[in-house]
Amino acid sequence: MIKAILVFNNHGKPRLLKFYQHYSEEQQQQIVRETFQLVSKRDDNVCNFLEGGTLIGGNDYRLIYRHYATLYFIFCVDSSESELGILDLIQVFVETLDRCFENVCELDLIFHVDKVHHILGELVMGGMVLETNMSEILLRIQEQEKLEKQEAGISAAPARAVSAVKSMNLPQQIKDLKLPDLPGLSNLKNAF
Amino acid sequence: MSEATGRPVHVRLFDTSQLIFQTFEEMALKNIRSNLDRLFDKSLTDLIRGIRNNKDNEARYIASCIEEIKMELKQDSTFIKANAIEKLAYLQMLGYDISWASFNIIEVMVSTKYTEKRIGYLAAAQSFHDSTEVLMLTTNLIRKDINSANMYDCGVALGGLACFVTPDLARDLASDIVNLLTSSRPYIRKRAVLLLYKIFLKYPDALRPTFPRLKEKLEDADPGVQSAAVNVICELARKNPKNYLTLAPVFFKLMTTSSNNWMLIKIIKLFGALVPLEPRLGKKLLEPLTNLINSTSAMSLLYECINTVIAVLISTSAGTPGDHTTSIQLCVQKLGLLIEDADQNLKYLGLLAMGKILQTHPKAVQAHKDIVLRCLDDRDESIRIRSLDLLYGMVSKKNIMEIVKKLMEHVEHAEGSHYRDELLSRIISICSYNNYQYITNFEWYISVLVELTKVEGTKHGAKIAEQIQDVTVRVESIRHFSVSQMALLVENANLLLSGSAQQRSNISEVLLAAAWICGEYSENVRDKPSVLEAMLKAKPSLMPGHILSVYVQNIGKLYAALISKAEEEEDWDAVDSLDNLMMSKLPELELAEHLEAQERACTLMAMLKVIEMYHSRKEKVAEEVARLYEGELNPVATKAQRKVPVPDGLDLDSWIGDEWEESASESSEDETEKNFGQMKVRSEFANFGGPPKYDSEEEPEKGYQKMKTKKKEHDEITSAELEKRRQQREREIQSNPYYVKGTAAAPKRPNEFPVAPKREENGESSQNLSIQSPLEIPGVVGLSRYMEQQDSTLTWKNAKKEKKKEKTKKGKGKKKRAAEESSSDEDEVAIVHQVNRNDGEMPENAKSTDDEDEKTNGLTDEFKALDVNLDEPLRPDEIVRGPQAYVRQSANARPFMQGPLQPRPPTTGPQKVITQEQTTKKKVAKKKKNDVETVESAEKKMKKKKKAKAQLSNGATSAATSGNVFDMDNWLDEENVVEEAADALKGEKKSKKKKKLGVPSREAYEEPSGVCTPSNPFQEGDTPGPSPIGSHSHLSSLASNGDLKADYSISVCPDDPSTCLVKISLSNEGTNEMKGIEINLCETLNARMAKDGDGDSSLKVSSISPNDSTILPLRVTVASTALSQKIRGSLTYFVQDGDNSNSEKLDFKLSIPATTFLLSATIGKESYGVLLSSDEIDLSASATCSSPVPFKQIVQRITQKARFTVVEEVSGAASLYATTNIDNRPVAVLVKKTGDSIQINGKSGDQQMISSIVDDLRELCSKK
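These protein sequences, in sequence, are chains V and A. Count the first sequence with full-length UniProt numbering and you get residues 1 to 192, in order. Count the second sequence with full-length UniProt numbering and you get residues 1 to 1264, in order.
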């Protein structure tokens, strides 16, 4: 089981929180802070496993994380999950995001956190791995987007127009992030 | 009239039109305005942007946004609401509580638009939990959504439900979710399967009835669904593995056939959990796992395989000793590769798995000692800690020094106190492993420990102290060395104590050990006066109280040793100077805040005064003083105190003597006088009066003794003073509300002494750290202290260097000697010091049991509830019911619901039979072994092989399908070669068995369930009498004349679906005896009597007496079950009328309707609808007849005699359903009645069959 999925940036700002067990908002923030403390002091070239922090931890739980550019993707899982499997899942998640947002960067996650949630919903359900096949996931997401567009249709057109006007002021979106190559994973990628 | 009213009317009209115009205008404006408002409502993007632009006053900005959101939620438009909720969901992530909007979230979930619904469900998943009250409103909404035609509506609802499912929701929606398992879309099925796990967690009652359905999903066509089912079962099995052991064959099959790595990993992990329960399973697994290890390129899979192989090895090594060296070597070799890999993750996991092998096969791991040691230098802390775990297995008597040296280097360089502490405790635990098994040179170990005391900021001061004490106590020959080291420590105490408060409290624990050792083994102290002086210099302000009290005690010991020496030599100057030294320094210690320390100091002081008095008269008292501290100490086992058996008749809770109040005023002098000579009777004290627990290896007895003797001395000599103090104390006690009568004065009482040593004990251990806090110097922080610390550490380092030299010299000397003694044989190296390696003294009669630390299986309650036996057949009441409130609504759907959830025939029955079969099979195998292979068994074997081959070719899955009917034992014992074949064979046999036994059990299970269905009217009680099941109990008339009446009933033979059993009941209604009764049937091409050997197609009965009856069983085999049969036959008999016998003949027609060969089956309304429109039943037949019989009775007749079940019934029409008994083909019939005419329409896949069935039904209906 996956107990929680956290995404936060290099400063510990949460970008996506998904808890599959109830924690109050206060506890959630505490967990983010604590996890950030744990993760941020680790070099990039050390292993990606951490024996859980006190809040989210317990004996059975581990933190498995990956660090991409400015973002940390952290999964808190129990011993029924395979460590390497979860690493691959994170990879699938990030690659899916990359496809959906076309060169994903932190800004995408900031402004489209809802969409990220929906994408995550195609991978993990209630703490259990739902689908790992990326083409299947992408297909489903595209279909949902179609549905979204149909529904939006005319009714949301003015709103979209306004938001388009609003966005004009926004400085050109900086796509400063690119997915780094993942050395050492090449041997795992083919596994799934 | 018109003129009178004309004007006002006109005016009013005008007014109205204006009004209308105005309102219209207003509405339009409002519309536009609200539209505009809406346009300028903040979208989520605006909110996020706003927050980013207001970094300085983020909280205020968000507060204003929340106000806006509250306004927006009051609007009617769901679009606005959805937008507001979307923003709230974002704010939730930032830590804002949004539970106040729960109801609005549900409003958005209700939205018909997918986009909005999705927002609602997202917010719900993020914020709802078990105690969200509005959740109970959602049951219907969710049911609607998960049954929605739009698969994404359904998907999003399932996903949301997985996050916030409550026990109530789980109970109410379980059946709906189970129904989704048959959805045509894998997208839905997958989610439904996963959701089931959450349902089980919240509503454990659903597990048993639903499990068969879940199991079916293991063989779903879609790999995603399959994987989801594996996932769920693995989660279930992880918590309660024993219930899922019977699934092992299914998973085994999946493991050997599947190529989905995700699923394989899960299955292999599952096997890891199952293996400890069934070692034979492990044996079976080894080969395929080894194959996988060798073949797979996926590291994750490889790793899990290794893990499970390790689990297998652990489980088998515990039971049957087997030779698995090849497997171990393979694992270790692969792990070695992982550890040496450049990828840190693999390295980490490799070490983790290696640690597991270490437990059972330490030798195998030792080969990789070098790699592991190299990992100690890794830059990654996690990896270093993992490799520390492995060190246990690497250590031997030979290399311990080398390894510890390396670790010590790490200690010096380690940054971060966590890792350093970890290192420290590992060093200690490696060295002290199994009572110092690996230590050959204890001087070296003591110096290591001394070295460790210099580690900055360690938490393990107490641990080091305990080690030093323990080693010194256990190893007699080390004492001189240990004491010299400790004396150095004591003399440099001020340096150790100069750090920060935290550091001081930790490291000063070592001083405790040092002081105690110097005092206890004072005969080994070289320079006693300087040590004594150093101890007297202890500053109560700097030294933690419990250590100070140990100091005082040991000052006493040293003093006693010095004074006896001086007195012996009659060196009165020395005696005087000693006394003076003590008298001048002790008062300072009397001011200690720590009560224990203070009390001891005062006692010692009082004692000194008396001694000094004697000394001033030049009288010698040293002998008496020294006697206070006599006695040799031995290690006491940790559990010793707990193990002391309570002697018979001893009530530990009752008072030992009279209650204290009465004896308080008595002088205790007599008593002490009496006890004075008994000081060495330690065991008695320990046995009877000891405090409840002694967990450390400290010696309680010594404590008593010291305390006691000290007290006695005190009493004896200064009783007047004592009396004064006591009175004073009593006064204090009187005024102290917290005082509990009778215990405060306890330390004074000799028979109450246990209390005092307890305090001492506590004081010596590190337990009461809290007491130290008053001793901390407040306010002295900052640069000055920092500098002081720096200085001191510098000088201390110098001192260390000197000592090191000394040590290394010594160490080398030892080493050399050791090397000379023997360099090759480890065992001989060992004997440098005689070590007391006992576990410690135990009280007499103590039971040496190790059952104390029971391991609790860390199951939480929610998983305990899921610990149910899944192989037991379901009880009829075990079905997942729909919500009670919707009985009416779901009543029609009930058959459908029950269809999927219908109870299975008990599996235990067939299982037993199979066991028997297999025991015979086993016998066969035995025979083969004994070389008494008979022709018969050879034949059998041939048959088996043939069958097996056939089975394998046409459907190997049948074996897997049979799941829990497998006999596990046999499956596990089966040899691999025959295994496949045998599996298939079993599958076949089993399915045969199932058919045979299936018929009756199906009847037994399903018919009642059909009858129970609320939609079935006959349950309501309008059926006269009990409704008999099975047509054999319905006798139809065959033929009769005045004398003989023949009735018959037909049922299908349980062992052959195309043979029916006709029971002809003959009753003699005449007055004379009948003889020679014979029944002959005219056999047709389609129907013949089953012959029992003789070729005679007739049945005979010798006689029936008057008013008697007999039953003749008749087996009729039909060629086609699709046809209704009419068989002509005749009955001949003789009537004995007096002496005459008349021959009589009776002709009859036996009709065997096609409906005989139907089975009742249940089906849901929806499925029925689908079925009717499918190609599966495309052939139809119809018939009409008329009957005055009420419609209900007709339906009843059909359900009882023709085995149909009612799918749906409305007034005057009923849909009926049954399946054929041979191949379960569906048959659907619609019966309508208008007036007296009955219309019967039937559909099935076989024209002939449906025609005859409809014909039969017509006949059935038209009967009066």
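Read the hints as simulated data drawn from the structure, not as lab findings. Quick caveat: nothing in here was measured; it's all calculated off a predicted structure. Please note that a few of the clues may not be correct.
Computed Cβ-Cβ distance ranges for the label pairs, DEER-style [claimed, not checked]:
1) E143(V) / T360(A): 33 to 43 angstroms
2) L277(A) / H11(V): 15 to 25 angstroms
3) H11(V) / S417(A): 19 to 29 angstroms
4) H11(V) / Q75(A): 34 to 44 angstroms
5) E523(A) / Q30(V): 53 to 63 angstroms
6) S135(V) / M136(A): 37 to 47 angstroms
7) Q21(V) / K74(A): 32 to 42 angstroms
8) A69(V) / D222(A): 29 to 39 angstroms
9) L1172(A) / A152(V): 37 to 47 angstroms
10) A152(V) / Q75(A): 53 to 63 angstroms
11) Q75(A) / K41(V): 24 to 34 angstroms
12) K1165(A) / A152(V): 49 to 59 angstroms
No more than 27 angstroms apart at the CA atoms, straight line, and that leaves these computed lysine-lysine pairs for BS3-like [to be verified]:
13) K539(A) / K454(A)
14) K41(V) / K70(A)
15) K585(A) / K539(A)
16) K146(V) / K42(A)
17) K144(A) / K115(V)
18) K585(A) / K115(V)
19) K149(V) / K55(A)
20) K115(V) / K406(A)
21) K144(A) / K146(V)
22) K42(A) / K13(V)
23) K13(V) / K70(A)
24) K149(V) / K113(A)
25) K41(V) / K406(A)
26) K539(A) / K146(V)
27) K115(V) / K454(A)
Chain V regions said to be covered by chain A (calculated; three or more residues, Cβ under 8 angstroms) [stated by the list, open to error]:
28) 91-99
29) 111-121
All C-beta atoms in this analysis are idealised placements derived from N, C-alpha and C, irrespective of residue type, glycine included.
Now for the hints, and whether the structure bears them out:
Taking the beta carbon of each, E143(V) and T360(A) are about 52 angstroms apart, not inside 33 to 43 angstroms as hinted. Hint check: L277(A) to H11(V), Cβ distance near 49 angstroms, so the stated range 15 to 25 angstroms is violated. Checked against the given bound of 19 to 29 angstroms, the beta carbons of H11(V) and S417(A), roughly 25 angstroms apart, stay inside it. At about 36 angstroms, the beta-carbon gap between H11(V) and Q75(A) stays in the expected band of 34 to 44 angstroms.
Between E523(A) and Q30(V) the beta carbon distance is about 58 angstroms. The supplied range of 53 to 63 angstroms therefore holds. In this structure, S135(V) and M136(A) meet the distance hint of 37 to 47 angstroms, their C-beta atoms being roughly 40 angstroms apart. At roughly 33 angstroms, the beta carbons of Q21(V) and K74(A) sit within the given window of 32 to 42 angstroms. Taking 29 to 39 angstroms as the suggested C-beta distance range, the pair A69(V) and D222(A) conforms, at roughly 36 angstroms.
For L1172(A) and A152(V), the Cβ-Cβ distance of about 40 angstroms falls inside the hinted range of 37 to 47 angstroms, so the restraint holds. A152(V) and Q75(A) have their C-beta atoms about 19 angstroms apart, which leaves the hinted 53 to 63 angstroms range violated. In this structure, Q75(A) and K41(V) break the distance hint of 24 to 34 angstroms, their C-beta atoms being roughly 47 angstroms apart. Separated by about 37 angstroms at the C-beta atoms, K1165(A) and A152(V) break the suggested range of 49 to 59 angstroms.
A hinted pair counts as satisfied when its Cα atoms are at most 27 angstroms apart, and K539(A) with K454(A) qualifies at roughly 21 angstroms. About 40 angstroms separates the Cα atoms of K41(V) and K70(A), which puts this hinted pair outside 27 angstroms; it is violated. A C-alpha spacing of about 10 angstroms is found between K585(A) and K539(A), which places the hinted pair at or below 27 angstroms, so the restraint holds. With a C-alpha separation of about 24 angstroms, the suggested pairing of K146(V) with K42(A) holds against the 27 angstroms cut-off.
Pair hint K144(A) plus K115(V) holds up; C-alpha atoms about 24 angstroms apart against a cutoff of 27 angstroms. A threshold of 27 angstroms between alpha carbons decides the hint, and for K585(A) with K115(V) the separation of about 77 angstroms lies outside it, so the pair is violated. At most 27 angstroms may separate the alpha-carbon atoms for a hinted pair to count; K149(V) and K55(A) exceed this at roughly 34 angstroms. Restraint check: the Cα-Cα separation between K115(V) and K406(A) comes to about 52 angstroms, which exceeds 27 angstroms; the hinted pair is violated.
Taken as a hint, the K144(A) and K146(V) pair is honoured in the structure, with Cα atoms around 23 angstroms apart against an allowance of 27 angstroms. With a C-alpha separation of about 22 angstroms, the suggested pair K42(A) and K13(V) falls inside the 27 angstroms cut-off, and the hint holds. Annotation: proposed proximity of K13(V) to K70(A) holds, straight-line Cα distance about 26 angstroms (limit 27 angstroms). For the hint pairing K149(V) with K113(A), the CA-to-CA distance comes to about 11 angstroms; that is within 27 angstroms, so the pair holds.
The straight-line distance between the Cα atoms of K41(V) and K406(A) is roughly 26 angstroms, inside the 27 angstroms bound, and the hint therefore holds. A C-alpha spacing of about 80 angstroms is found between K539(A) and K146(V), which places the hinted pair above 27 angstroms, so the restraint is violated. Under the criterion of a C-alpha separation no larger than 27 angstroms, the hint pairing K115(V) with K454(A) is inconsistent with the structure, at around 56 angstroms. Under the rule that three or more residues need a Cβ within less than 8 angstroms of chain A, the assignment of the region 91-99 of chain V is violated, with 0 such residues.
Only when three residues or more bring their CB closer than 8 angstroms to a CB of chain A does the claim for the region 111-121 of chain V stand; here the count is 6, and the claim holds.
In this structure, the hints that do not hold are numbers 1, 2, 10, 11, 12, 14, 18, 19, 20, 26, 27, 28, in rising order.
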